[in-house]
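Q: Chain by chain, the residues run as shown.
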Amino acid sequence: MATVKRTVEVELSTTGLDARGRPQRVPLVTDQEGNLVPVNAAPAVEPELEGEHMLINIGPQHPATHGVLRLVLELDGETVVRCIPHIGYLHCGFEKIGEYRQYNQIIPWTDREDYLNSPGNNVAFALGAERLFGIEITERCKVLRVIASELSRLISHCVWLGTFCIDIGAFTPFLWIFQQRERVYTMLESWIGARMTTTLTRVGGMGADIPDGWTEDLANFIRTFPRVLDECSAVLTKNGIWVGRMVGVGAMSADEAVNYGLSGPLLRASGVAYDVRKDFPYLDYETYDFDVPVGQAGDVYDRYLVRMEEMRQCIRILDQALKRLPDGPVNVSDHRVILPPKSKAMSDMESMIHHFKQVMEGPRPPIGEAYVAVESPKGEKGYYMVSDGTSKPVRWRIRPPSFVNLSAIPRMVEGHLLSDVIAINASIDIVMGEIDR
Amino acid sequence: MSADFTPVLAGRAAGGNVPAPVTPKNVPYRDGTANPSADALRARFGTTVSRVDVVWGETTVIVDAPRVNEIVRWLHDDPTQRYDYLVDVTAVEYRDLERPIEVVWHLRSLPFRRFIRLKALLQKGQPLEVPSVWDIYKGADWMERECFDMFGIRFVGHPDLRRILMWEQYKEGFPLRKDFPLRGRFSRSEQLRQILSQNPEAKYSMEEISIAEAFEDLPADVRARLGSGEPVGE
Amino acid sequence: MERSYLPLLLLVGFVALNAALILIISHLTLRPRPTAVKQTPYESGMPVLGDARERFSVKFYMVAVLFILFDIETVFMIPWGAHFRRLSCTVDLVAGACPDGRLSLFGFWEMLVFVVILLVGFIYVWKKGALQWD
Amino acid sequence: MGLDRLDTRRTDTGVEYVPSSQESWVTTKLDFLVNWGRANSLWPMPFGTACCAIEFMATAASKFDLARFGMERMSFSPRQADVLICAGRVPFKLAPVLRRIWMQMPQPKWCISMGACASSGGMFDNYAVVQGIDTIIPVDVYVPGCPPRPEGLMYGIMMLQQKVMRERMADKSLRHEIEPDPSSQLYIAPPLIDELSEPFGNSIHQTRSGL
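Protein chains in written order, with our numbering: chain A, 1 to 437; chain B, 1001 to 1234; chain C, 2001 to 2134; chain D, 3001 to 3211.
Just to be clear, a hint being listed does not mean it is correct.
To be verified - Among the chain D residues that face chain A by a calculated CB cut under 7 Å, a handful are:
| id | residue |
| --- | --- |
| 1 | Phe3032 |
| 2 | Asn3035 |
| 3 | Thr3049 |
| 4 | Ile3101 |
| 5 | Pro3138 |
| 6 | Met3154 |
| 7 | Tyr3155 |
Derived from the structure by calculation, the hints contain no laboratory data. The C-beta atom is built at its ideal place from N, Cα and C for all residues, glycine as well.
With the hints as extra help, turn the sequences into a complete structure.
A: Encoded structure:
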């Protein structure tokens, strides 16, 4: 069927043009109640010496698209007149496969979906499944999961900072920050055996308890990581080129950001203090003392500041979590869900039956549905699971934050220069595995 | 981030006496307390709200499909509700194929810190049509396109309903439907042949092709094929 | 003051020889394998719509001219640098060096005047806003 | 042209000689020099799609340094690339892009298929993912792992270097450009593709759809 031409007339966003009809950076003025609003200059026609518009592909295979995103840009000289994103180049049918797997078998899929934040995804899925099963996890497991999700936020922001610097042109912070990331990798590897695709949690507990001596590594990491972060921000934050490339670029006002469904650092950079850990808390986040960084203008520079501040808050949370880490069992004792320990499984009959049912058929939740959201480094990451009583979910829906954040890229990019497109795309911190699922 | 700028506080606008949110513990299976918006919806719309049930502490309001846009607009604009954040638009198809397909909207009210789930039931027999909420939430654009791509549900009022994850010429149907085999309908070599032997213009949407045509950039063979009326790509 | 130009000749000869060698050997061992797809321009893995030979906006030309203007300026400094010693010595060089006490800053001032003239041009261009992209 | 032609006098005596033994002293030394140069400066074209791309970045970063193999210069345009490292799963929508980039790379070129998903479709045995990129482009080295550890990838690179060192200029089949058959654009016969993409291991049990 031939497609219907897009009826919406996407005209050049007015904030991109100044009075003399020349596209320019988005000027921000404070209106009466004090929040920053882009100037709505009258749209003027380009002078008649307009060159032909050029259609170029910043295509699936491009160093600056962080994966296989494809942006088709209509350029007038250097100014982007229209941006048409194409995604789906990494669509691997996660949700379809989820309907053929048991709950504990889906956890390896949650690593590969947002591969920068695998421990965080495992924790999110485990919370969703435990809400569906109606089980409460032990205290030690809660604190371990907080540590896992904060560490995963750190390594995700590290990859973002590294690739963001390379996109703008600074290469050395990439090497500094990836070295810190390797230290977190070695910690995760000693905990669960895998560097990146961790499969850390199980429904009702964790894959493994932390080895002894692990808390000293974490304490050592907490003590030394902020120094590297300060080095990076010393190099970048007040750098003339860095600031010049990012201030006033891709600005989104607060209510526009909420209407576009942005979440995470993008939303907080626009001035909306919405953080799932504060507003819809999970894993006792309300008992941790940390604050939520909020920007003002919502441009690329504020997103950078918000993420850097968020990394420091992660260190604060990790510090408190390390101090309060209780002893006790990691897994819940309800053997309908968790495999009984090997020794008991071999000795007494009842846990042998449990063991057999777990392995052959997997845990079976009651009929119902649950949506649990988690503050992932990209935004509000949610798992919506519908179960019909069998051991395989009827529907495993992933609410992908960068999918919704990326849908606002035509609004942010039009009117800016081609080099700003790269900066804006890097500031959204997209992961194509999560966008295309 | 200067101190004098007071951010738009999400979740605190409901006044000072609202208790700070706490991690929900021992969430009841069926008899949790419903979201106050559910009663407001029932009072405001009466029969179009066919059922409200609370599963694992989340209120689900089942409404008739044709009036969804009106209900969501009311939830969005009404000062007492202010559901300004669309979390998700998706669909669920159950394993027994007679049961209707459910289209699900997840909404959050950031100022009042509330979460609600709207559902519309679409009988399998009639055409799967649901009003789009794109004119209320701009974020719904891609979510509805993905729901169409995966389930085949047409969102009436969506400006540009095309496939977003699969390519436009994808002939195998809608992948997330339960009657769609996990490995696809065609053999692997057939799937590979179809995608590798696509014409170049199949990789561009109508919009880009019209832009290229406006500036006479189209290569000759593409222009010839377009002239002969072949369907265009993504 | 004749000067033997042999080293210069050797340099030019060696450069020409080197270039010729590289071309001949690669031509000898090269076996081009053109295919239809290999000839098409690379656009991130996508088939190309439109071509690059189009009317560009005039801003690109402005940037190119300014670059050439200020780039050639540095080319003029090279001969000046080569002869700086003879320029700034009031008497003839003795064995390639200036007898003590005879230094003058003539060479320096000469180049300063040249640079100031170009600086005036640069400030004019800056204030006119030609360096601003839009 | 002249340097690598086989010495025809020797082969017409009716005795079958191993081609490599017929080369003169000059060509083997020249082969060694050329292969040594090529092996130690393989410029990678990181066709990074998914999680393996992040592990590839970790391999290229400072701890597991790829610069030791002369591979520091990441060439994102196929024109300057020597080895295409397909890091990550390739869905069907991306197959023509991979094929086009491989064909736009000049000879001599090699291909490393990094990770289980690129080599065999990995855990994605469903409607959307190509079951192994060797059905699209010829692959030289398969690196197992999901994602392969940096040491695993480096071992794959060293195996490729050994392969490059053993190449002979006289062997023309090495630098043979694939010509997909014009109608179906496949360069392997369809039954072979089906047989290569057959599910193996535990994913055989997922044949029933909808249950």
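Q: If a hint holds in the structure, say so; if it doesn't, say that too.
A: Here is how each hint holds up against the structure:
1. Phe3032: violated, 34 Å
2. Asn3035: Violated, because the Cβ-Cβ distance from Asn3035(D) to chain A comes to roughly 28 Å (cut-off 7 Å).
3. Thr3049: Nearest chain A Cβ about 5 Å off; hint holds.
4. Ile3101: Status holds, d = 6 Å.
5. Pro3138: Hint violated; Pro3138(D) Cβ to chain A Cβ min 19 Å, cut 7 Å.
6. Met3154: violated, 15 Å
7. Tyr3155: Because about 16 Å separates Tyr3155(D) from the closest Cβ in chain A, which is outside the 7 Å limit, the hint is violated.
Comparing the model with each numbered hint stated earlier shows that hints 1, 2, 5, 6, 7 do not hold.
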